[in-house]
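Protein chains: 2
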Amino acid sequence: MATTRGGGDRRQAILEGAFTVFARRGYAQACVKEVAAEAGVAKPTVYNHLNDKATLFRHAMQAAAQNVLDERLAALDPLKDADGDLPATLHDVGHRLLRLHTDERACALRRLLYSEITHFPDILEIVTESGPHRLTQALADRLARLALAGRLRITDPDLAAEQFLSLLTGPLEARTRMGTRPIDDTTLSDLARTAVNAFLQIFGPQVTTEAGTDMRKVANPDGHPLTVEE
Amino acid sequence: MATTRGGGDRRQAILEGAFTVFARRGYAQACVKEVAAEAGVAKPTVYNHLNDKATLFRHAMQAAAQNVLDERLAALDPLKDADGDLPATLHDVGHRLLRLHTDERACALRRLLYSEITHFPDILEIVTESGPHRLTQALADRLARLALAGRLRITDPDLAAEQFLSLLTGPLEARTRMGTRPIDDTTLSDLARTAVNAFLQIFGPQVTTEAGTDMRKVANPDGHPLTVEE
DNA sequence: ATGGAACTGAACCCATGGGTACAATCAAGG
DNA sequence: CCTTGATTGTACCCATGGGTTCAGTTCCAT
Numbered sequence: 687m688a689t690t691r692g693g694g695d696r697r698q699a700i701l702e703g704a705f706t707v708f709a710r711r712g713y714a715q716a717c718v719k720e721v722a723a724e725a726g727v728a729k730p731t732v733y734n735h736l737n738d739k740a741t742l743f744r745h746a747m748q749a750a751a752q753n754v755l756d757e758r759l760a761a762l763d764p765l766k767d768a769d770g771d772l773p774a775t776l777h778d779v780g781h782r783l784l785r786l787h788t789d790e791r792a793c794a795l796r797r798l799l800y801s802e803i804t805h806f807p808d809i810l811e812i813v814t815e816s817g818p819h820r821l822t823q824a825l826a827d828r829l830a831r832l833a834l835a836g837r838l839r840i841t842d843p844d845l846a847a848e849q850f851l852s853l854l855t856g857p858l859e860a861r862t863r864m865g866t867r868p869i870d871d872t873t874l875s876d877l878a879r880t881a882v883n884a885f886l887q888i889f890g891p892q893v894t895t896e897a898g899t900d901m902r903k904v905a906n907p908d909g910h911p912l913t914v915e916e
Numbered sequence: 687m688a689t690t691r692g693g694g695d696r697r698q699a700i701l702e703g704a705f706t707v708f709a710r711r712g713y714a715q716a717c718v719k720e721v722a723a724e725a726g727v728a729k730p731t732v733y734n735h736l737n738d739k740a741t742l743f744r745h746a747m748q749a750a751a752q753n754v755l756d757e758r759l760a761a762l763d764p765l766k767d768a769d770g771d772l773p774a775t776l777h778d779v780g781h782r783l784l785r786l787h788t789d790e791r792a793c794a795l796r797r798l799l800y801s802e803i804t805h806f807p808d809i810l811e812i813v814t815e816s817g818p819h820r821l822t823q824a825l826a827d828r829l830a831r832l833a834l835a836g837r838l839r840i841t842d843p844d845l846a847a848e849q850f851l852s853l854l855t856g857p858l859e860a861r862t863r864m865g866t867r868p869i870d871d872t873t874l875s876d877l878a879r880t881a882v883n884a885f886l887q888i889f890g891p892q893v894t895t896e897a898g899t900d901m902r903k904v905a906n907p908d909g910h911p912l913t914v915e916e
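Order-wise, the sequence lines are chains V and Y.
So the first sequence is numbered by the working numbering: it starts at 687 and just counts up by one.
So the second sequence is numbered by the working numbering: it starts at 687 and just counts up by one.
If you're looking for bench data, these hints aren't it; they were derived computationally from the structure.
The model shown is predicted, which means the values in this text are computed figures rather than measured ones.
Quick reminder that beta carbons are idealized off the backbone N, C-alpha and C, glycines included.
It is possible that part of the hints are untrue.
Derived contacts from chain V toward chain Y, CB cut-off under 7 Å, selection only [as the list claims (entries may be wrong)]:
no., residue
1, 715
2, 800
3, 810
4, 818
5, 849
6, 888
Covered, in the sense of this in silico footprint (three residues per stretch, anywhere, with C-beta under 8 Å from a C-beta of chain V), are these stretches of chain Y [unchecked claim]:
no., segment
7, 798-809
8, 813-821
9, 835-849
10, 881-888
My request is simple: use the sequences and hints to build the entire structure.
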């Protein structure tokens, strides 16, 4: 076993502590001593499990990316039900995704990815391959099912998924000051609603826009109050 | 004058060299010696113009952000003409914006912003205030004029601008591997086209989608060939 | 020509931090 | 009990790099 002294798995604690410190300081500014302290471990122990500061970073990033991806994939679950209230379901999924997107760890992961992408090109492979790409694929699959059921007017599911995510997360960057400012949940809900409205304008079933009927003004296109969420 | 030896403005050369080096190495990894070499200047000269490495970074970022913003605002110029072929104009503007968005310096600026945002919170103010925010505002202004002229069905210009930019740049991140992989110009043109199509589905003049008419399959919604661009 | 301001090159000081060595310590298994 | 192996503090080596000093140099202004 890799555990002798302190009970829990050493390696796991080190990786989590490492990500925390890297997120707080950035790669170059983070020192291994602080990582060790964060993980409740002595410095040589860190080097005992991970050879380098670089490999420490790589493994910490990979673990964090895996967590983030799992959470996001789970957020798509409501779309498995193809018979429910579609706008409400989309709004729910969008809202969940926005919450995860503004999560502290997810923001830190994005920041670290952006900052160290030049020094660690291989990390991009790890994270992006098991990150936004897989999410887009999963979402595209769900949307394809809905299109096949006649509930959406989609010819290219990948495009639809990409544009849904763009409409969802695009307006966020400005509002959240690139992940540094917290944003309250009702704002997230509003952002999800406008994104879903736009998405349904593009891919929704026949809209038949009568003169004066501006969909974007209606809280919920098909009359549901949509007040109960969460 | 601040120029004695080498003719050109010292400070300017230093700031440009600094941004180049920071973009190449990141803030922490960049050393002032290399900045001096890049600017063709001795190390004490750098400290003669900028007190700190930190202030050097700040000023370099500000200058770079200003350049990027100016280029982007200029890309909106075609929208000043409110009478032209609207989809073609939007495509043109979108294409220009995508080119600027994938520009090496712009990508480096975004990376540096993301990476050092925790250590330099004030840089965010400088860059974002004179960056995407101003761009969104300018675009919203143009779109409002077009809406007033009856060419777009927009009630909230800010929202429309935000969503246009989201549809435009959102799909880019995945395709360009976060700004590390170059992308060819025809792909950019295609991305601009799909974004414009989606945008017009949301905000375009009355669509009257007949059964079987999928706008996203048509290269140009109103019949123009749209082959001549640039 | 000459004083002065900016520039240069090189050496220097010193703090930070990656990585290692080592003796002491603790837990598990025989 | 005793061996084995991981862990722990601590001290250490050494490379990197921010920032400064200084003597000499170049250029401009008067």
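We went through each hint and held it up to the structure:
1. Given hint, residue 715(V) at the interface with chain Y, holds; its Cβ is 6 Å from that chain's nearest Cβ, closer than 7 Å.
2. Given the 7 Å rule on beta carbons, the hint for residue 800(V) holds: about 4 Å separates it from the nearest Cβ of chain Y.
3. Below 7 Å, beta-carbon pairs count as interface contacts, and residue 810(V) has one with chain Y at about 6 Å; its hint therefore holds.
4. Given the 7 Å rule on beta carbons, the hint for residue 818(V) holds: about 6 Å separates it from the nearest Cβ of chain Y.
5. With a cut of 7 Å, the hint placing residue 849(V) at the interface with chain Y holds, because the nearest CB-to-CB distance is about 6 Å.
6. For the restraint placing residue 888(V) at the interface with chain Y, the shortest Cβ-Cβ distance is roughly 4 Å, inside the 7 Å limit, so the hint holds.
7. By the rule of at least three residues with a Cβ nearer than 8 Å to a Cβ of chain V, the coverage given for the segment 798-809 of chain Y holds, with 9 such residues.
8. As drawn, the segment 813-821 of chain Y meets chain V at 3 residues by the rule of a beta-carbon pair under 8 Å; at three or more, the given contact holds.
9. Check result for the segment 835-849 of chain Y against chain V: holds, 6 residues qualifying (beta carbon to beta carbon below 8 Å, three or more required).
10. Counting residues of the segment 881-888 of chain Y whose C-beta lies closer than 8 Å to any C-beta of chain V gives 3; at least three are required, and the coverage claim holds.
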